[in-house]
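Visitor: Take a look at the letters that make up each chain.
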Amino acid sequence: MTGLSAIELEDVVKEYHSHGEVVQAVRGVTLGIEEGEFFSLLGPSGCGKTTTMRMIAGFEAPTKGVVRLHGQDVTGVPPNKRDINMVFQSYALFPHLSVWDNVAFGLRQRRTPKEEIDRRVGEMLEIVDLAERGRRMPRQLSGGQQQRVALARALVNRPRALLLDEPLGALDLKLRQAMQIELKRIQREVGITFVYVTHDQGEALTMSDRIAVMNDGVVEQLAGPREIYERPASAFVAGFIGTSNLLSGSATGGELAIGGGRVLVPGHDGDVTVTVRPEKITIGTDEPARDCSAVRGTVAEVVYLGTYNSYAVSLADGAEITVFQQNVHDATATAERGDSVWLSWRAQHSYVIGS
Amino acid sequence: MRRLTPYLLALPSWMWLAIFLVVPMVAMASVSLQTGNAIDGFAMTFSFSNYSDAIGRYSTQLARSLLYGALATVAMLVIGYPVAYFIAFKAGARKSMFLFLLLLPFFVSFVLRTISWNFLLSDNGILFGTLKDWGLLPDDFHVLATTFAVVGGLTYNFLPFMILPIYVALERVDPRVVEAAHDLYATRAAAFRRVVLPLSLPGVFAGVLMTFVPATADPINAAILGGRSNTMIGNIIQTEYLTNLDYPTASALSFTLMAVLLVGIFVYARALGTENVLEAAAR
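Keeping their order, the protein sequence lines are chains A and B. Under the numbering used here, the first residue of the first sequence is numbered 1288, with each subsequent residue one higher. Under the numbering used here, the first residue of the second sequence is numbered 26, with each subsequent residue one higher.
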């Protein structure tokens, strides 16, 4: 790794004891988060992402392994002595303190001079657009406003890294999308490292510089959003990020015979699993050109989804393939249920998992 | 009919309150202003001097009751808060066991429990008698019939009523809010002082009310554990009613005690800013 990572985890393990059994929530995670990066920990619930974040924050002590912040080993350091702050799921605002006092809490604990507190809290409330709401109590605010107070309360301390635990989970869709853009803007403005925990792959793809996809206590893949989407490292990642078609079989001569057609896998022989994204596939009635992957099937279901149609196509060998086709021309479907169709995609859109 | 339903449903409890609270109160208020004696009967004379006479005669016991009630309340707070804190945050899976233990004394009558304390603390009883035999205590050492014994008895008997409301308030404190305080550089002590304590104040308020009022008015502890110099206002009221049959004086003292307690509660609520506190807790 070049330079000094903002946050480094080295073979971190977290075990819990529950009903006399040892449960491993995190099973050996090693990763480095760069300074100023928007980094996401993505995975389904129970994958260990929140535990990993809580170990970075200092709320949990790792059973094994080392946590480093800016090169310093902080494995045994309590959260109040770490130069990072956290935005909690459901915010955890102090219900008995006003918005202003909530935001000023960290500065007061650090014995910051009063004039400086007044100036910084005022500026911060300005940034999150709550300057007029300083005297309100948290329960008098909407969900989106509470969210911004939580953000201000953490950022006002100018931490070297900010941890966010599913901070948008409680908001409705429109507000979520607005806040995603807002968060990204604030991160660019303050220029500090953001570590973002989420189970929402869309959110992670939109905002992150890099994503660690976690499953069952380990990191399955650590890469940029494009890489993770286009070149999933495992079947789990392929299935978890977006919709994905998985085709398995034995390849000979760089071709996989499947469903009355072929899938081109240049340079591969033997057992392979191929993933292809639904939007890369073209659906049609004419037999496609030889240089494409092409399979035959019967349309089992057509779902109209506004901007696109989703087709479920059954292949002769029983496998089912999902195809998205944009509604570019008109609202009528290209194929109807029961139609016999050709599915085709370009060779570079088949990605052999694990290659 | 629809609109009357809620009122009809509330009717039994209103009747209950009317018969068992309002009627006796009115009757007692009336008795407190009457003169006469138990043999010839009492007559309404609007004798407000009943109050000044009673207060003049028993001001010492009245003041002592307030003092004992206050001392016991402070003792209960000092003992009870840590216990409630422990059950709420540290007891883990054994939480319900501790709550059950807290309620266990209620399976034995209040009076019996107090008498057993008398038995334990008696001058030549199982505890002090033995210690005196071994020469570990001077022969004239005693605990019974002291302020300590009465306040101790009150503290023991009403302690659960202090612990339970504080426990309920602490139990409702979101652990993540405490974590947020740590995250914002608060030490354990600071997180307690700035977050946990303020959020538990409604429970403290309720606990103090639920213990100070009955402890101040209690006659049992002073009667069983106290001596002649520990008489409380509850004992006086009891004696005036049941022994001296001086109903007007007893009634006047009862109302005086009630008034003093109500004023006390009001001042206390004002001082603590209950509205703010309760509002914060209502979230």
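Incorrect hints may appear among the rest.
As the list claims (entries may be wrong) - DSBU-like, lysine-lysine: derived pairs with alpha carbons at most 30 Å apart:
1) A/1368 to A/1471
2) A/1351 to B/115
3) A/1368 to B/115
4) A/1401 to A/1368
Claimed, not checked - Partial chain A-side listing against chain B, Cβ under 8 Å, derived:
5) 1365
6) 1396
7) 1629
Hints are computed from structural coordinates only; laboratory data are not their basis. Fair warning: this is a prediction, and the values are worked out from it, not measured in the lab. Ideal placement from N, C-alpha and C gives every residue a C-beta, glycine not left out.
Visitor: When you check the alpha-carbon spacing of residue 1368 of chain A and residue 1471 of chain A, does it fall within 30 Å?
Guide: Satisfied, since the Cα-Cα distance of roughly 27 Å is no more than 30 Å.
Visitor: Going straight from one Cα to the other, do residue 1368 of chain A and residue 115 of chain B come out at no more than 30 Å?
Guide: holds (23 Å)
Visitor: Does residue 1396 of chain A pass the interface check with chain B, least Cβ-Cβ distance below 8 Å?
Guide: Result: holds, 4 Å to nearest chain B Cβ.
Visitor: Can residue 1629 of chain A be said to touch chain B, with a Cβ gap under 8 Å?
Guide: Violated: closest Cβ of chain B sits about 54 Å from residue 1629 of chain A, beyond 8 Å.
Visitor: Is it true that the CA of residue 1401 of chain A sits at most 30 Å from the CA of residue 1368 of chain A?
Guide: Satisfied, since the Cα-Cα distance of roughly 22 Å is no more than 30 Å.
Visitor: When you check the alpha-carbon spacing of residue 1351 of chain A and residue 115 of chain B, does it fall within 30 Å?
Guide: holds (25 Å)
Visitor: Given a cut of 8 Å on the nearest C-beta pair, is the interface hint for residue 1365 of chain A held or broken against chain B?
Guide: holds (7 Å)
Hint compliance for this structure: hint 7 alone is broken.
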